[in-house]
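S.K.: The residues making up each chain are set out below.
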Amino acid sequence: MLVSTPAIILHAFPYGDTSKIVRLATRDLGVQSVIAKGAVRPKSPFGARLQAMSEGTAHLYHRSHRDLQTLSAFDVTNQHASLAAEMRRYAAAAALAELVLRFAHEEPQPVVYDGLAGALAALSEVPSEAVPYAALAALWHEIVLLGFAPTVDACVRCRGTLADRTPFSLAEGGLLCARCGRGAGGGALRGDDRAALHAFAAGRWDAPPLPAPHLAAHRRLLVRFIQRHVADDRAMPALAFWEGLT
Amino acid sequence: MSVIEELTAELAKLPGIGRKTATRLTYHLLKQPAATVTRLAETIRAVGERVHPCTVCGNLSEVEPCPICADPRRDGSVVCVVEEASDIGPIERTGAYRGLYHVLGGRLSPLDGVGPDDLRVDALRSRLGNGSHVREVILATNPSMEGEVTATFVRGVLAATGVRVTRIALGLPMGGELEYADGVTIARALAARREMGEG
Ligand SMILES: [Zn+2]
Ligand SMILES: [Zn+2]
Numbered sequence: 001m002l003v004s005t006p007a008i009i010l011h012a013f014p015y016g017d018t019s020k021i022v023r024l025a026t027r028d029l030g031v032q033s034v035i036a037k038g039a040v041r042p043k044s045p046f047g048a049r050l051q052a053m054s055e056g057t058a059h060l061y062h063r064s065h066r067d068l069q070t071l072s073a074f075d076v077t078n079q080h081a082s083l084a085a086e087m088r089r090y091a092a093a094a095a096l097a098e099l100v101l102r103f104a105h106e107e108p109q110p111v112v113y114d115g116l117a118g119a120l121a122a123l124s125e126v127p128s129e130a131v132p133y134a135a136l137a138a139l140w141h142e143i144v145l146l147g148f149a150p151t152v153d154a155c156v157r158c159r160g161t162l163a164d165r166t167p168f169s170l171a172e173g174g175l176l177c178a179r180c181g182r183g184a185g186g187g188a189l190r191g192d193d194r195a196a197l198h199a200f201a202a203g204r205w206d207a208p209p210l211p212a213p214h215l216a217a218h219r220r221l222l223v224r225f226i227q228r229h230v231a232d233d234r235a236m237p238a239l240a241f242w243e244g245l246t
Numbered sequence: 001m002s003v004i005e006e007l008t009a010e011l012a013k014l015p016g017i018g019r020k021t022a023t024r025l026t027y028h029l030l031k032q033p034a035a036t037v038t039r040l041a042e043t044i045r046a047v048g049e050r051v052h053p054c055t056v057c058g059n060l061s062e063v064e065p066c067p068i069c070a071d072p073r074r075d076g077s078v079v080c081v082v083e084e085a086s087d088i089g090p091i092e093r094t095g096a097y098r099g100l101y102h103v104l105g106g107r108l109s110p111l112d113g114v115g116p117d118d119l120r121v122d123a124l125r126s127r128l129g130n131g132s133h134v135r136e137v138i139l140a141t142n143p144s145m146e147g148e149v150t151a152t153f154v155r156g157v158l159a160a161t162g163v164r165v166t167r168i169a170l171g172l173p174m175g176g177e178l179e180y181a182d183g184v185t186i187a188r189a190l191a192a193r194r195e196m197g198e199g
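Chains as they are written, first to last, in my numbering: chain A, 1 to 246; chain B, 1 to 199.
Read the hints as simulated data drawn from the structure, not as lab findings. Take these hints with a grain of salt, some might be off.
[What the hints assert, rightly or not] Listed below are several chain B residues computed to face chain A (Cβ distance under 7 Å; list not exhaustive):
id, residue
1, Thr26
2, Tyr27
3, Gly48
4, Gly113
[What the hints assert, rightly or not] Pairwise CB distance ranges (calculated):
id, chain 1, residue 1, chain 2, residue 2, range
5, B, Ser86, A, Asp233, 31 to 41 Å
6, A, Met1, B, Ala160, 33 to 43 Å
7, B, Arg74, A, Met1, 50 to 60 Å
8, A, Gly183, B, Glu195, 56 to 66 Å
9, A, Glu106, B, Gly48, 53 to 63 Å
10, A, Pro209, B, Asp112, 31 to 41 Å
11, A, Ala149, B, His133, 52 to 62 Å
12, B, Gly48, A, Asp28, 47 to 57 Å
13, B, Pro15, A, Arg220, 31 to 41 Å
14, A, His198, B, Thr55, 51 to 61 Å
15, A, His198, B, Glu64, 51 to 61 Å
16, B, Arg164, A, Val111, 46 to 56 Å
17, A, Asp233, B, Asp112, 19 to 29 Å
18, A, Leu245, B, Glu10, 37 to 47 Å
Cβ coordinates follow ideal geometry from the N, Cα and C atoms, glycine included.
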């Protein structure tokens with residue numbers, strides 16, 4: 001059955017002499033692996049369209065019991081070329097693609113797709129100084145949409161009210177109230193940092209400006225959260241690459 | 001495992017060759033005269049033993065340094081940066097470029113675990129160090145998303161050197177590989193190269 005769906009290319013690599021395997025986030029079919037036959041040939045109708053991060057409409061022959069679908073055509077609406085002009089934009093987009101590739105399903109998850117599309121647009125377009133915030137918002141929000149939300153509005157252990165200074169429990173995946181947080185190790189979030197975490201989890205990058213060391217701490221917290229609660233300690237090379245960029 | 005199975009398994013590891021083609025190649029070789037098979041085996045062995053990356057530019061060569069680096073008629077003030085040694089051939093065939101090369105050995109691809117440390121960027125920087133005659137570095141990485149990002153990255157690393165950095169003009173829609181572009185396109189892209197801003 002020929003299906004057309006909004007789609008974003010997460011990853012593409014050569015297959016055989018002339019084809020490409022493309023991993024797509026699609027709005028209607030979830031994450032799909034497709035083969036683009038002959039895509040590497042100079043005169044291929046796919047031309048230069050199968051680039052990572054390109055957004056458009058995928059036309060594919062879909063059979064539900066098959067692991068590898070066949071891509072018939074891909075119409076690009078946005079190449080997100082500006083991502084490539086700045087390492088931090090691209091690194092965040094790659095980490096986001098990795099997250100979706102690994103943890104989205106083959107079933108339709110339109111909110112996951114829309115979150116990805118919105119985040120890629122933000123990462124392509126925000127002014128340079130907002131990139132670190134857009135990156136944190138993109139990744140935290142996608143984690144929430146994938147169903148791994150951190151608890152940030154009440155104590156993760158007792159649901160009690162949060163004090164001004166709240167430790168984040170990595171083990172439990174959320175903030176702790178004053179009573180539960182007594183003696184807890186690690187850094188505590190307060191004021192602007194907590195507001196920023198709230199904003200990021202909601203996909204908002206217009207958080208109050210934070211000093212560089214706080215932004216670095218936010219990146220560290222996010223990466224550790226993903227490793228512990230999403231990735232089960234499996235390697236996430238694109239995420240590590242993003243965290244390593246300063 | 002029989003030696004037939006072994007050969008099929010080895011051939012199937014090559015890019016573009018699946019199980020079926022590997023089996024067909026194996027049985028094709030079995031039908032050839034012994035001398036033909038021996039010649040093929042020996043050529044493969046010779047390539048493995050004699051061909052090495054040039055320690056200067058990373059081009060694959062039987063001699064050290066490679067013939068391009070060793071050629072006094074080449075223009076030592078320009079270095080063209082490519083992803084793979086196989087990208088040099090298409091540029092050479094245009095006849096439009098007389099400078100030197102630098103092979104990165106890949107392109108940034110965080111999803112595949114290929115990071116800056118996997119590319120020969122430090123070697124490039126040292127080529128531009130003290131006493132260098134290099135005045136211009138042309139970034140000729142592929143016009144793909146990863147190739148563009150790699151160019152951005154190398155441009156950033158070279159910023160401190162003060163050397164002029166340009167990017168070949170393959171333009172939008174970007175895509176495809178240098179390897180498959182025709183000579184006219186490559187020559188035109190080289191001629192129309194432009195100053196690359198810092199990213
Ligand atoms: Zn509590
Ligand atoms: Zn050389």
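S.K.: Run every hint past the structure and note whether it holds.
M.R.: Evaluation of the provided hints:
A distance limit of 7 Å between C-beta atoms decides the matter here; for Thr26/B the minimum to chain A is near 18 Å, and the interface restraint is violated. Contact between Tyr27/B and chain A, as hinted, is not supported at the beta carbon level, the nearest pair being about 20 Å apart and thus beyond 7 Å. The interface hint given for Gly48/B is broken, as the beta carbon of that residue sits about 22 Å from the closest beta carbon of chain A, more than 7 Å. Given the 7 Å rule on beta carbons, the hint for Gly113/B holds: about 4 Å separates it from the nearest Cβ of chain A.
For the hinted restraint 31 to 41 Å between Ser86/B and Asp233/A, the CB-CB distance of approximately 38 Å keeps it satisfied. Our hint of 33 to 43 Å for Met1/A and Ala160/B is violated, since their Cβ atoms are close to 56 Å apart. In this structure, Arg74/B and Met1/A meet the distance hint of 50 to 60 Å, their C-beta atoms being roughly 57 Å apart. In this structure the hint that Gly183/A and Glu195/B lie 56 to 66 Å apart at CB holds, the actual value being about 58 Å.
For the pair Glu106/A and Gly48/B, the supplied restraint of 53 to 63 Å is violated, since their beta-carbon distance comes to about 42 Å. Against the hinted window of 31 to 41 Å, the Cβ-Cβ separation of Pro209/A and Asp112/B comes to about 34 Å, which satisfies the hint. Hint check: Ala149/A to His133/B, Cβ distance near 58 Å, so the stated range 52 to 62 Å holds. Remark: the range hint 47 to 57 Å for Gly48/B to Asp28/A is upheld by a beta-carbon distance near 49 Å.
Between Pro15/B and Arg220/A, the C-beta spacing of about 39 Å keeps the proposed range 31 to 41 Å intact. Checked against the hint of 51 to 61 Å, the C-beta distance between His198/A and Thr55/B comes to roughly 54 Å, which is consistent with it. His198/A and Glu64/B have their C-beta atoms about 60 Å apart, which keeps the hinted 51 to 61 Å range intact. About 48 Å separates the C-beta atoms of Arg164/B and Val111/A, a value consistent with the hinted range of 46 to 56 Å.
Between Asp233/A and Asp112/B the Cβ separation comes to about 20 Å, which falls inside the hinted range of 19 to 29 Å. For Leu245/A and Glu10/B, the hinted distance range of 37 to 47 Å is satisfied, since their beta carbons lie about 40 Å from each other.
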